[in-house]
Each structure stands twice: as C-alpha cells, then as structure tokens.
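Keeping their order, the protein sequence lines are chains P and R.
Just so we're aligned: the first sequence equals residues 5 to 405 in my numbering.
Just so we're aligned: the second sequence equals residues 5 to 405 in my numbering.
Treat the hints as calculated values from the structure; they're not laboratory data.
Note that beta-carbon positions come from the ideal geometry of N, C-alpha and C, so glycine has one too.
Careful: at least some of the hints might be erroneous.
Claimed, not checked - In silico DMTMM-like links for lysine to aspartate or glutamate, alpha-carbon gap of 25 Å or less:
1) Lys-21(P) - Glu-366(P)
2) Lys-361(R) - Glu-44(P)
3) Lys-402(R) - Asp-306(P)
4) Lys-57(R) - Asp-120(P)
5) Lys-88(R) - Asp-278(R)
6) Lys-88(P) - Glu-9(R)
7) Lys-402(R) - Glu-366(P)
8) Lys-402(R) - Asp-237(P)
9) Lys-215(R) - Asp-162(P)
10) Lys-361(R) - Asp-308(P)
11) Lys-88(P) - Glu-220(R)
12) Lys-327(R) - Glu-44(P)
Stated by the list, open to error - Covered stretches of chain P, as calculated for chain R (at least 3 residues, CB under 8 Å):
13) 44-57
14) 143-157
15) 320-334
There are 2 protein chains.
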Amino acid sequence: MIDLEQLRDCYVTTPSKIVMLVVDGLGGMAHPNSGLSELETARIPNLDALARKSACGLTTPVLPGITPGSGPGHLALFGYDPLKHMIGRGALEALGIDVELRPGDVAARGNFCTVDSNGLLVDRRAGRIPTNESAPLCERLGQIELEGVQLDVFPVQDYRFVLRLRGDSLSELVSETDPQITGVAPLPAQPLSPEAVGTAQVVNRFLDQAKQLLAEEERANMVMLRGFAQLPDLPAMGKVYRLDPVAIAAYPMYRGLATVAGMEVIPTGHTFADEVETLQRHFNDHDFFFIHYKPADAAGEDGDFDAKVQRLEELDPFIPQIKELEPDVLLVVGDHATPAVLAAHSWHPVPFLLNSKLTTGEGIDAFNERTCAMGSIGRIQATQVMLLALAHAGKLNKFGP
Amino acid sequence: MIDLEQLRDCYVTTPSKIVMLVVDGLGGMAHPNSGLSELETARIPNLDALARKSACGLTTPVLPGITPGSGPGHLALFGYDPLKHMIGRGALEALGIDVELRPGDVAARGNFCTVDSNGLLVDRRAGRIPTNESAPLCERLGQIELEGVQLDVFPVQDYRFVLRLRGDSLSELVSETDPQITGVAPLPAQPLSPEAVGTAQVVNRFLDQAKQLLAEEERANMVMLRGFAQLPDLPAMGKVYRLDPVAIAAYPMYRGLATVAGMEVIPTGHTFADEVETLQRHFNDHDFFFIHYKPADAAGEDGDFDAKVQRLEELDPFIPQIKELEPDVLLVVGDHATPAVLAAHSWHPVPFLLNSKLTTGEGIDAFNERTCAMGSIGRIQATQVMLLALAHAGKLNKFGP
C-alpha cells in the first residue's frame with residue numbers, strides 16, 4: 005500500500021496521534037480439549053471492553069496459507085508489500101542483535117565450524133561452543149583487515165555470529181559457503197551476478213584469513229557464511245504517510261525492522277512496562293507510535309498454551325494505561341499467529357481492533373479470532389491497516405476529485 | 005499464486021497426502037419457491053458432517069461478477085491465475101475429446117458448412133449433419149497432406165470437428181475463417197502477427213484442399229475454422245509445489261486440463277465410483293490427487309434443480325469412502341457455480357471446505373453457500389486454495405526470516 009503513488013497526495017499531517025500496539029504472535033488456534041483459542045481462554049477484560057468500542061477484523065499478513073516470518077509480518081503492518089520488500093536473513097540477524105546496518109552494508113550469518121587436517125568439515129557447528137568461547141574468537145576475526153572494506157564481527161549466541169561488511173559497491177548476491185553436509189570442505193563464496201564479483205573476492209579473502217587465525221583452535225577452527233543480505237531500499241514510512249513515526253521495542257529485531265521502515269527508535273527498557281512508560285514520556289513529541297509486545301509469541305513458539313494465555317493476560321492491564329493517553333487511534337494488531345498447538349508461526353488470519361472516536365461498537369463482546377471474524381472491517385490485508393488508521397486519525401484525504 | 009517466485013523456496017516435499025475433490029458446478033442459487041439452494045435442499049449428511057470438522061469458506065474463481073468456463077475454473081483451483089494463463093478454445097475443444105496436444109501443436113475448432121456454386125455461405129452448420137455423416141468426412145480430410153506439417157482431423161459431434169496441426173514454428177495467431185453471416189464466402193485465414201505467416205499459409209492450403217475433397221457433398225461441402233490455440237506454457241504444478249500430482253477424471257476435458265497443469269493422469273472408468281476406486285488403488289503412490297465429479301454441473305446446465313439436488317445427494321455417500329483413506333488434507337471445492345435457476349455457469353462465489361487434523365470445527369453445521377460464507381477462511385481467491393492445502397499438509401515453510 006505504501007508504494008501506491010496514486011495515494012501520495014492523500015496523506016496529510018495533523019496533530020492527531022496513532023498508537024499501533026503489535027502483539028507478536030497474537031493469533032492462535034483452539035486447544036483440542038476446550039475448543040477455545042488462547043485469546044478465548046485468557047481473561048482479558050480490558051481488551052474485550054476495548055473491542056466492544058472498536059472496529060474489528062482479521063488481517064492476512066501475506067496470503068492465505070503463507071506463514072510469515074517476523075520481517076514480512078511487521079513490514080506488512082507498516083504498509084509494505086511483504087512479497088515485494090524482502091529482508092534477507094543476514095540483515096535480519098544483524099538487526100536482531102542491534103547491529104547498525106546502513107544502506108549498502110552487507111550482513112551475513114556466520115557460524116564457527118570444525119574442519120579436519122585436510123580442511124574437510126567434521127562438525128558444522130563447532131561442537132556448539134558457548135558464547136563465552138565464541139565471543140573472543142569474534143573479536144579476533146574482527147581484527148582482519150581487507151582493503152577498501154570495513155569489516156566487523158558480532159557474536160550472536162553459541163557458535164553463531166554476524167559479519168558486517170561496509171564499503172562501496174558491495175553486493176548481497178554472493179553464494180553461501182556452508183555445503184550443509186560434513187566430509188567435504190566449506191565452499192568458496194561465488195558471485196551470483198557480475199556486480200558481486202568484488203564482494204565474493206572480499207568474502208573469500210576474509211575466509212582465508214579466518215582459517216589462518218583460527219588454525220590452532222580445537223573446535224572452532226573455521227567459519228562458514230550464509231544469508232548475505234543488504235537492507236531493502238524502502239520508502240521511509242514517515243515521508244510517505246507524512247508522519248513523525250517512532251518505535252518503542254524492547255527486542256532489538258523489532259527496533260531494527262522499524263529503522264528499515266524509516267522510523268526513529270526511542271530507547272527503552274527490557275519490559276513492556278518500560279515500553280509503556282517510554283510511550284507515556286514521549287507521547288507529546290510524535291504522531292505515530294509503534295509499540296511491540298513480544299512475550300505472547302515466545303510462549304506460542306514454546307508450544308505452551310497456558311503460558312501464552314498468561315502472557316496475554318499480563319498484557320491486558322496495560323491497555324487502560326495506553327488508553328489514558330487518549331490517542332486518536334489505538335490499534336491492537338499482530339504480525340502473525342503463533343498458535344501454541346503448532347509451537348510455531350502460522351498462516352492463520354490475525355485478529356485486530358481499531359479504536360477511535362469514530363468507532364462506537366459493533367456488537368462484538370470480546371477480542372479473539374472468532375469475534376473478529378464477525379467484525380465490521382472484515383478480512384483485510386495487513387498492508388491495509390495503516391490506511392484505516394490514517395483515515396480514522398483524519399490523516400487521509402479524499403482520493404480523486 | 006503458482007507464479008510467485010518469492011514463494012518458490014517455501015514449498016517442501018513431505019509424505020503427507022492431499023485430495024482435492026472438485027465438484028463441477030458445485031455452487032448454486034436459491035430456488036424461488038423454497039428460498040433454498042441446491043446444496044441447502046440436498047440431504048448430504050456426510051458433507052455436512054465433514055464441514056462441521058473443517059475450515060470453510062467461499063472461493064472467487066476469477067473476479068466478482070466473472071463467470072468462468074471450465075478452463076479458468078480449474079486452472080484457478082490448481083493455483084494458476086486464470087486472467088494470466090488462458091486456454092484457447094481450439095485447445096480446450098481438443099482436450100475435451102481426448103486429443104493429445106503437445107507443446108507447439110495448434111488446435112482449431114472446425115465445422116462443416118454449405119456453400120453455393122459461387123462459394124458463398126448458405127448454411128454455416130451444414131444442416132447440422134449428424135456425427136455418423138461427419139465422421140467419415142473427417143477421415144477424408146485427415147488424408148490431406150501438407151508439407152512440413154502433420155495434420156489430423158477429429159470428429160466432435162454433428163457438424164463440429166477439431167483440426168490439429170503439428171510441426172515446427174506453428175503459431176496460434178491466425179484469424180478465424182467463419183464470417184458469422186451467410187451470403188458471403190468463408191474468409192481466408194490471416195496471420196495476426198508476423199510469426200504466424202507460415203501457419204496461415206498452411207491453414208489456407210488445408211482449406212483449399214478441403215474444398216476440393218468435399219466438392220461433391222450435398223450439405224457439408226466446405227469447412228470453417230475458429231479458435232486457433234496452442235497449449236499455454238504453464239509451469240508444472242508438481243515442479244513448483246514439489247508434489248507428485250495425479251488426476252482422476254472420467255471426462256476427457258478435465259484430464260486435459262490436468263495435463264496442462266503438468267499432472268499425470270491415471271486411467272479410470274466412466275463413473276465417479278470408478279474414480280473413487282482408482283483413488284483407493286493408487287492412494288499410496290502419490291501425494292496429490294485431483295478427483296473430478298461432473299454430474300452436478302451437467303444437471304445445473306440443464307436447469308434441472310431437482311436433478312442437481314439428486315446429483316449432490318449421490319456424491320455424498322462417497323465422502324466417507326474418501327475419508328477412510330485418511331488423507332492429511334481433504335478439499336471439497338468447485339470450479340464455479342452452476343445454479344439450476346440460471347441453467348448455466350455463474351459468477352457466484354463457491355463454497356468449499358478444507359479438512360485436516362488442524363481443523364477442529366468452527367461451529368458450522370452444514371455445507372452450503374450460506375454456512376460457508378460464515379466460515380473461518382472467509383472469501384478467498386480460488387488460486388489461494390492450494391496454498392492453504394499445502395500449509396495444512398505441512399508442505400509450506402515459513403516465508404521470510
């Protein structure tokens with residue numbers, strides 16, 4: 005939606021304020037015993053009361069049947085077509101550990117591995133060495149100097165790290181070096197397009213030096229690189245929608261996704277209470293706030309139905325605190341479903357509500373998958389949520405004469 | 005959907021099995037007396053019971069208001085955008101009588117006609133001569149030899165036949181020779197594009213020789229050709245979705261449509277009981293089964309409401325037989341609606357159900373247009389059905405990191 009040139013003149017700046025609360029992994033599925041979903045099981049009186057005064061519906065993050073990762077799930081909510089604007093794995097991994105990525109930087113997922121005296125892979129994960137072993141090795145790799153390229157290596161966890169290359173004319177179109185099996189040598193990086201020849205050479209020089217620097221290590225004596233990626237070149241959300249948008253998120257990946265969309269990130273603490281406090285403190289300074297609630301997704305991914313119910317119940321008391329700020333539009337949306345019964349993200353449409361002074365209720369008495377399916381907004385693409393928010397906030401003028 | 009390059013890496017081969025039962029002309033409209041549709045009138049306890057344990061919805065075959073032919077209706081269900089991948093009339097006519105078409109072949113619909121001594125059309129249908137008269141004439145036309153082109157003529161019914169041209173560099177971009185009125189001469193074929201010059205010459209040589217061969221006939225003394233068409237060049241369904249898909253269909257056209265989608269066709273008998281028996285016998289050998297039920301459409305086309313009700317009731321007892329095979333996903337879908345009150349295909353959305361171990365029911369108590377409109381899947385494009393089936397079968401990995 006954000007790409008629609010035809011709408012560019014409709015967006016208008018006003019003092020009204022929009023809060024978009026993204027509940028990560030919001031949607032769920034019925035528990036086989038009760039026949040009720042996590043949202044239907046949870047005691048969430050404030051969300052239910054809000055739904056009674058809201059316009060509700062279901063969002064399709066990408067397409068029916070398509071299970072989105074966090075990247076596509078969030079980009080869609082910000083209005084970007086997730087099939088058009090893809091975030092590569094290396095870039096998302098970097099964003100997930102708060103590594104700054106600038107346009108043109110190439111990020112890759114790296115991992116330490118073990119090779120034998122002939123250079124053949126013995127263990128693709130270097131015995132899963134712990135972070136306290138891998139972090140100093142990352143520091144050592146960071147010393148590597150390559151002409152014309154700034155190089156940084158950031159530990160992620162255990163045997164995993166991020167390589168960031170910064171320089172002119174770098175390309176993400178470089179092949180992975182992990183052969184996915186043991187007994188063979190790691191692959192050299194190869195250019196997947198003519199413009200990537202230089203980058204592939206840089207990567208191979210890095211790998212050569214890494215091998216030498218790690219030669220004496222018992223387990224982590226080599227590295228492999230995957231998922232070379234640059235940031236997608238997105239139109240800035242604030243510029244297109246004529247907003248001053250900010251992000252408040254305790255987890256680095258979601259701050260990263262917000263910066264990809266051109267949002268400013270406001271530093272906050274580690275809990276959702278910290279995030280709400282940050283929202284309160286900065287509420288006068290901006291007109292669009294993306295605030296992220298992570299715990300529901302984590303519990304869903306763990307396959308813990310009761311924990312996901314509890315995480316939703318823990319979110320509920322914050323709703324009145326956010327409402328007290330009197331945003332002109334309050335959205336409660338999800339980037340995707342994470343049904344505990346699947347212990348994973350899923351393709352199911354995600355309930356959402358939009359509360360504004362124009363929403364006086366529609367006979368829905370609770371906030372969940374079943375009720376939102378009956379909501380007045382119906383089923384929409386997640387990319388269309390922003391348009392509705394802008395409309396309810398008086399920020400979207402008439403289209404066409 | 006099948007064209008979406010972005011999803012190519014999401015498809016994964018697994019042992020799970022999908023059965024797609026296409027009930028031709030499934031959807032209907034309310035009878036003016038009862039206010040109930042064919043599905044609502046029919047006693048279909050097994051379909052109703054299945055719907056209670058399924059996710060339901062409505063498919064839009066092409067666009068709201070657009071009535072699809074059998075070609076677009078089926079291609080959409082297999083995932084092909086029917087506005088992008090069109091099957092020409094000649095090709096569909098050929099598929100409908102089991103004429104083998106290879107890539108590059110050009111097929112045309114032919115009909116015998118009557119011309120006067122000046123070569124002007126007197127009867128565009130040659131007095132609707134019966135098949136037993138036209139079949140020997142088709143054999144005679146099949147004797148025509150044209151340099152560099154293999155030529156075959158297949159009787160269809162009454163005055164209609166199919167001409168198949170096989171050779172190098174043939175093109176479908178040739179104009180029709182039927183002027184649509186009498187009192188004028190049949191038109192010569194003309195190339196509609198430079199690359200069709202050779203094909204138009206071949207066609208005109210065929211018409212010249214046909215005229216000579218038929219000169220002594222009283223009624224069928226000339227032929228006209230329409231709907232020149234080659235097979236569309238579709239990505240094979242099995243290759244894109246990483247499936248081993250097969251088709252079981254008693255009627256040739258549906259076998260033909262399946263081969264266009266790259267499916268293997270399993271020979272079967274003339275009844276749906278034969279088809280189900282074929283499904284049972286081959287169930288272990290493949291992972292995707294398209295099985296086609298024709299009679300509901302035929303009754304709808306006849307405008308016979310009661311007969312369509314009966315054809316749906318006759319389908320119902322086969323549902324438990326298919327369920328007994330324990331497919332991981334069972335789809336009951338329609339290629340389009342054929343309301344008996346219209347005695348024709350129609351544009352109405354078509355009810356469908358998707359049954360898997362993840363569908364535990366959604367409070368729907370019957371399988372028909374009205375209930376499916378309340379289904380948890382909602383209204384989707386028919387092209388999206390395959391994505392949902394693959395998702396429920398565990399054959400569709402997460403999109404994006």
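For each hint, the structure was consulted:
no. : hint                    : verdict
1   : Lys-21(P) - Glu-366(P)  : holds (23 Å)
2   : Lys-361(R) - Glu-44(P)  : holds (21 Å)
3   : Lys-402(R) - Asp-306(P) : holds (17 Å)
4   : Lys-57(R) - Asp-120(P)  : violated (55 Å)
5   : Lys-88(R) - Asp-278(R)  : violated (34 Å)
6   : Lys-88(P) - Glu-9(R)    : holds (11 Å)
7   : Lys-402(R) - Glu-366(P) : violated (34 Å)
8   : Lys-402(R) - Asp-237(P) : holds (23 Å)
9   : Lys-215(R) - Asp-162(P) : violated (82 Å)
10  : Lys-361(R) - Asp-308(P) : holds (19 Å)
11  : Lys-88(P) - Glu-220(R)  : violated (64 Å)
12  : Lys-327(R) - Glu-44(P)  : violated (30 Å)
13  : 44-57                   : violated (count 0)
14  : 143-157                 : violated (count 0)
15  : 320-334                 : violated (count 0)
In terms of the numbered hints stated before, the structure departs from hints 4, 5, 7, 9, 11, 12, 13, 14, 15, listed from lowest to highest.
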